[in-house]
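Novice: If you read the protein sequences in the order shown, they are chains A and B.
Taking our numbering, I'd label the letters of the first sequence as residues 1 to 325.
Taking our numbering, I'd label the letters of the second sequence as residues 1 to 308.
Note that these hints are calculated values from the structure, not bench results.
Just so you know, these numbers come straight off a predicted model, no measurement behind them.
Please note that a few of the clues may not be correct.
Okay, the calculated bits of chain A under chain B, using three or more residues with CB under 8 Å as the criterion [what the hints assert, rightly or not]:
| no. | region |
| --- | --- |
| 1 | 101-115 |
| 2 | 121-132 |
| 3 | 155-169 |
Once the Cα atoms are required to be at most 20 Å apart in a straight line, the calculated EDC-like pairs of lysine to aspartate or glutamate come out as [to be verified]:
| no. | chain 1 | residue 1 | chain 2 | residue 2 |
| --- | --- | --- | --- | --- |
| 4 | A | K20 | B | E197 |
| 5 | B | K198 | A | E202 |
| 6 | A | K275 | A | E52 |
| 7 | A | K14 | A | E74 |
| 8 | B | K198 | A | D103 |
| 9 | A | K176 | A | E140 |
| 10 | A | K20 | B | D128 |
| 11 | A | K176 | A | D96 |
| 12 | A | K178 | A | E202 |
| 13 | A | K275 | A | E256 |
| 14 | A | K207 | A | E256 |
All C-beta atoms in this analysis are idealised placements derived from N, C-alpha and C, irrespective of residue type, glycine included.
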Amino acid sequence: MNAPAPLLSVRGLKKYFPIKGGIFSREIDRVHAVDGVSFDIAEGETLGLVGESGCGKSTTGRCVMRLIEPSEGEIWFQNRNVTVLDGEELRAIRRDIQIIFQDPFASLNPRHTVAGIVGEALLIHRLAKTRRDVEDRVVELLETVGLQAGHLRRFPHEFSGGQRQRIGIARALAVKPKLIVCDEPVSALDVSVQAQVINLLEDLQEKFGLTYLFIAHDLSVVEHISNRVAVMYLGRIVEIARARDLYDNPRHPYTEALLSAVPIPDPSLKRTRIKLEGDVPNPINPPTGCHFHTRCPIAEPRCSETAPPLKQGADGHWVACHLRG
Amino acid sequence: MAGSTPASPSADAATPPQLSLAAESWRRFRKHKLAVISMFILGALVLAVVAGPFVWRVPINEIDFTAKLQGPSWHHPLGTDDLGQDILARLIYGGRISLSVGLAAMAVALLVGVLIGAMAGMASGRVDAGLMWLTDLFLSLPQLPLLLLLIYLFRDTLKAAFGAEGGVFIMVVAVIGGLRWMPVARLVRAQFFSLREKEFVEAARALGAGRARLVARHILPNAMGPVIVAGTIDVASAIIAESTLSFLGLGFPPDVPTWGRVLFDAKDYLDIAPHWAIFPGAAIFLAVLSINFIGDGLRDALDPRRVI
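Produce the complete structure using the sequences and hints provided.
Specialist: Written out as structure tokens, the structure is:
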């Protein structure tokens, strides 16, 4: 895709969650959470990953850093296959890949002080020798994310949502990662605070040369921060393109429908909404062929027979559709 | 520097003086009035049973039929029993055993329960199923026949190894604690199951924390609140269980006046000598209640989310 080797390269990633039942806990079914996802992220780039809830975006993000074991597929990070790493090697890769969580109220241990939360990574990876060093580094990190040394001994419940998210960001930064998986980092925040956190993430990217996998369901947020955007539907990527390109010129019918649902902050402008019929099919039993054919306004018979591959169109615009190649 | 986007300054105003975690917990514990009062009561009880015999020097087994079944008087502040033995002296002596059996049995029950619950909660799958099967098995065992069996099997060995009283003490504590860990194990397992999926645990995993660290620093401390409360209830039931054992002649020998024992001895004379039952009953009641309140206070003090 890009000339230099990508920082992260995901190939054919699949994750099935077994559904067990019966007296012998046999697998009676499986949820196809992620069903063959491939993408690359170049160093310093931000790839936005959008889709409705339940489409597998968060599972993809967690698989990338092996918080969830992928069922199939390969994940290459700096030319190392993350999927086969074990023990100490896996721990080492977690210095390079970090994650920021969606819910800033659930992602911080309520019993630890800010110093303990942010400093934990330093202790785990032995990045600081003395307690003094840990503390100095934590203060530095707090200041980097716009908090102060005075917050060191506070507990998470004493902070607002936005401040908590900053603590979460400081924790992720502590190990000096190269790639950060941002799992809907602003969805739980007020709109005004969203902007602050997004700006902070952009500042940090510039300062430390970070690469983001930015997962969200809010298209306007993703448009703002991403270089490229991937759209997921029911466990598969249906379209990847540069952000501007995707928003101006969506090719996949699902992307079109998704974009038409974004409200325009101008009542005089009218937009033709594409209304999709029905609900997202059950991921336990996804449709044959193209997963979207049951709701697609332009579907043809072949769409229900074979799944369209993700094909590259003009200048890095990838689409998985038989009709809009 | 990302100083261009500072966090809102609201939380910076009025920074409270910074306390260490222990000092902060103590400060919070003191806010719980009942717990503080209970601590004094329990402290007084412990002091009484430890130092009491040096102050109140009446022997516990001095039989005096001329003074039997007397109510409280200057000579016998808590009255006497049917053999004219001084109840205060007996309660002071028996309290040592009752309190230490209660606390030690709770410790055993908590230790075993937390261990098994944590193992089941972390392992899940087959190990979990096996351990829960074991827990259910213990829950379904008829406890009294089992107690009989255990005591007949091990009494002599333990007596030989640790002396008469020490041996019985170890046996009673092991038997009571060993049959009371199941609710704790289930509680801990359930807590582990819910905490394991929490994002802060996942975050620690993402930072490269190993299993031991996850359990010790993140999961267990957050699971302990209900466990502490369950533990304090266990103290109560252990004191009562000990008295049941004594009553059956399986615990301490009948001449050792544990609180439960004195209470059981008194039951036939409830109508003519109520003081005989009231005082040991009150002692058990006070000990159990104050331990429960202390447990409550501890749970609140150790949970930084609770604003006190």
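Novice: Which earlier hints turn out false for this structure, listed by number in ascending order?
Specialist: 5 and 14
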